Amino acid sequence: MSSAADPDSEPATPAHPASSSSPADPSAAPQRWVRGEPALLQHTRILDLQSVPFHHPRRDARRNFVVVSAPDWVNVLAHTTDDRLVLVNQFRYGIDAFSWEIPGGVIDAGEDPVAAGLRELREETGYVGVNARLLASVHPNPAFMNNRCHLVLVEECRLVAPPTWDPDEEIETAAVPVEEVYARARAGGITHSLVLDALLFFEPIWRAKSGR
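The sequence shown: position 48 = 48 (this note's numbering), numbered continuously.
Hints in this document: simulated from the structure, not taken from any laboratory. No experiment lies behind these values; they were computed from the predicted model shown. Possibly wrong hints are sitting among the right ones.
Now the in silico label distances, taken between C-beta atoms and shown as ranges [claimed, not checked]: (1) L159 with D96: 18 to 24 Å; (2) D96 with P71: 48 to 54 Å; (3) Q90 with A187: 16 to 22 Å; (4) Q42 with D82: 35 to 41 Å; (5) A28 with P142: 19 to 25 Å; (6) D166 with R133: 41 to 47 Å.
Even glycine gets a Cβ: it sits at the ideal position worked out from N, Cα and C.
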């Protein structure tokens, strides 16, 4: 996916004729663009939209790119003792539809990702667990976003209390057999890319533990 260029920026045309080391040569290693100071285009509750100037030293090209600056997120694989994963179903405004996912949310400033995962799990579902650990950290979309999503595994999860939702949340919770979760994902029943990322990292752990 190409980066999002600011429509008000000048075209990034080379200052010199193409050479064997230019981007037209797919065997040449790309060169890092030099980042300038961002300018705020729009501030919202969940993200900042920025216009960021970049300079390509080799081609002497200058261009502004749109960057979405957002806090880091956490997604939680909540695995129960009877080999189920806790899933949540909620309405997503971006796609104007419901989406089956794993629990997750925004990490507060200065908050540890694992602690954030345990907090989000309990708030959204009422589940708690043990042996919480970070599996991986991924970039949701590095083409124009600067944040990470941290994937946390929590084991021996159990329901201990009612959830405490945010004002705009209304969440259906289901503990689904792990094998069925993967079947749903392969059939297109789970379409959130970050959830699919988490399932990718969890699969070898689950197979080793279950002997599959």
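Q) So which of the earlier hints does this model not fit? A) 1, 2, 4 and 6
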